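Enquirer: Protein chains in written order, with this note's numbering: chain A, 996 to 1328; chain B, -17 to 316.
It is worth saying that the hints were derived from the structure and are not from the lab. Incorrect hints may appear among the rest.
[Said to hold, decoys possible] Derived Cβ-Cβ restraints for the label pairs, each shown as a range:
#, chain 1, residue 1, chain 2, residue 2, range
1, A, 1298, B, 261, 48 to 54 Å
2, B, 35, A, 1107, 45 to 51 Å
3, B, 167, A, 1221, 57 to 63 Å
This one's a predicted model, so the numbers in the text were calculated from it and none came from an experiment. All C-beta atoms in this analysis are idealised placements derived from N, C-alpha and C, irrespective of residue type, glycine included.
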Amino acid sequence: MTETVRTERAGARWLTVAAWRGLFRDRPIIPLLGLLGVLMVVSELVRPGIVSTQWLGAMVRGAVPLAILAGCQTLAMITGGIDLSVGAVASMSGFVVATFVSSPGGWPVGLAVALVAAILAGLVTGIGVGVFRVHPLIMTLGMSFVVLGLANVWQLVKVQAGGGVPPELRWLGSASVAEIVPYSLLVFVPVAVLILLILRRTGYGRLLYAIGDNPIAARLSGARAWQVLITLYVLSAVLAAIAGFVLTGLTNVASVTLADSAVLPSVAAAVIGGTSIMGGRGGYGGTMVGALILTVISSLLSSLGYPEAVRQVLFGAIIVAVAAAYTRVTAEA
Amino acid sequence: MTATAGTVETAGAQPTEALARWARRNAWSLGLLAFFAALLVFTKFIQPSYGVTGVQGLAISVLPLALAAVAQAIVVISGGIDLSIGSMMALTNVVAASLMLGRSDEFAVVVVVGVLLLGLVLGAVNGALVVLTRVPDIVVTLAMSFVWAGCALLVLKTPGGGSAQWLKDLVLGPLGNEWIPKAAIVLVLIVGLIWWAVRRSRFGLSLYAIGSNQLAAFRSGVSVGRAKVFAYALTGLFAAFAGLSLTASTGIGNPLSGSYTLQSVAAVVLGGVSLAGGRGGAFGPIVAVLILALLRTDMTFLNLNPNLATSAQGIILIGVVMVGTLFQIRRGRP
């Protein structure tokens, strides 16, 4: 408060602490893009010549599944929730498609089956969170156990049928136009536009923010939280399934635990992108940049020849540092 | 709390009433215990050969998760959550195993004490970061789980190391009667002594205080920051116990040991500790761990696909919490 007063007295000086705070708070995407630029410069300095259009394409390709999963977290976190079931749902979806490759109907049938399974999982999660008011952390954690167990059973049932990652998914996940523009953007751009439009232009998006900001006020103003939450978790599960398809194609692996290791980074990407885990604040623009930042960091560290261990340590340290910086600058004190 | 304790003591004049009150207060844990007993009977019924070996196996297999669940319970009671417990377990596990390999028994004692201290420090770092940065605990501990897991990989790339024989003897096998597993005794001793001491202390009280209402605790003179760091440090200590129990029961260190973090959250919730903080104890989560492990055994006895056990665990978790929440809504406590 005192800070604001001081700024006004200082007049037109825009390079004040308060101005920077405002920038971080209201337009987190600008400092994030700055950080991304710095990371690219660092990459270029430690490995001259590495930054090229192809490198950029590879970064985007690697970030797409993470960015979609982080979209699930962004939507859930805006309502004050979290979705820990995205990993299980994504792995299950990719795996189910792979098991349908050699059966009649082929992979399109698998795609449909996987989507239906994901929608069912999301529906149950949404009913649990919205109607029975189970804590989202518990509900999605429990749902991830359920989905993982059922996917394992499915694996045993279908193990004789044989399968493999369909070439179409491989194309979607890992091929690029002229080795530069990845085809996975064909999926990602509509998804991103959808999420951005939902959050910025629709009443539904405003309901998400309202419920996260103040659930009681939202209820008193006539928002039906249970409907919003059920839709949210169904949407999140569908997005997770799509991420699973892309990830299966990208890695050329179909496994029931494929996306498990992406769950925590997806939360991290949303947090770095400026979405508050307490609800009511954030957006998808920052999340997308956050996913890119995480991808560039891990590529930078591996190009430096650091072992996986050091990468993990730095990864964690960076997340804490960025989150702490956010909390510092956005704290209303 | 002193006032409440006083009332309980006066009520001790009428033992039945005091007993009833105690039962009401621990209804959830007692219910879990009854369910566990019923499950044991059921297990004996479907598999008549279930006996000494089964009980011994159960005790040794649940020891690490039971300790992890107690660790999670402490921090959840204080109103937080620690998603780095599994990583802290891995780190303490590999540090202990790599230091003990081929060293004398006396040196192993030093290692055990050192590793427990390490656990305290790891937890205190988590707590200090939560307090100092004011970032939500779920984010901090999530990030720190990467850090501690990375450190574990730096210590030991692949499973290896060793354990002192006395440490293995401490948890493996029976004590006296063949029905009493040493692992159970160790668990009861560790949790009993430390938890009892903490509950009786001022810090234990402030733990519950900041968990149930942080502002009220602050206004009654609780140093919230210090209490939080203490809670996380205690969680780290129990994670170190869990890591050591892994070293003892497996005889090696494994930098990628299992998914204990999320399992511990599940056990804590099933054990009657409210995620909102301030309610619950260490006993319920331990019984919940026992029940989940025995259910998994029963599913193999029943020739069910063991993978369904994972699903069953999820369904139980969701179901129990749903029922609990419904009761709370009925009682008008949102």
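Enquirer: Each of the hints needs a verdict: does it hold here or not?
Expert: Hint-by-hint comparison with the structure:
Between residue 1298 of chain A and residue 261 of chain B, the C-beta spacing of about 49 Å keeps the proposed range 48 to 54 Å intact. The beta-carbon spacing between residue 35 of chain B and residue 1107 of chain A, approximately 48 Å, falls within the hinted interval of 45 to 51 Å. Distance hint check: the CB atoms of residue 167 of chain B and residue 1221 of chain A are about 48 Å apart, inconsistent with the given range 57 to 63 Å.
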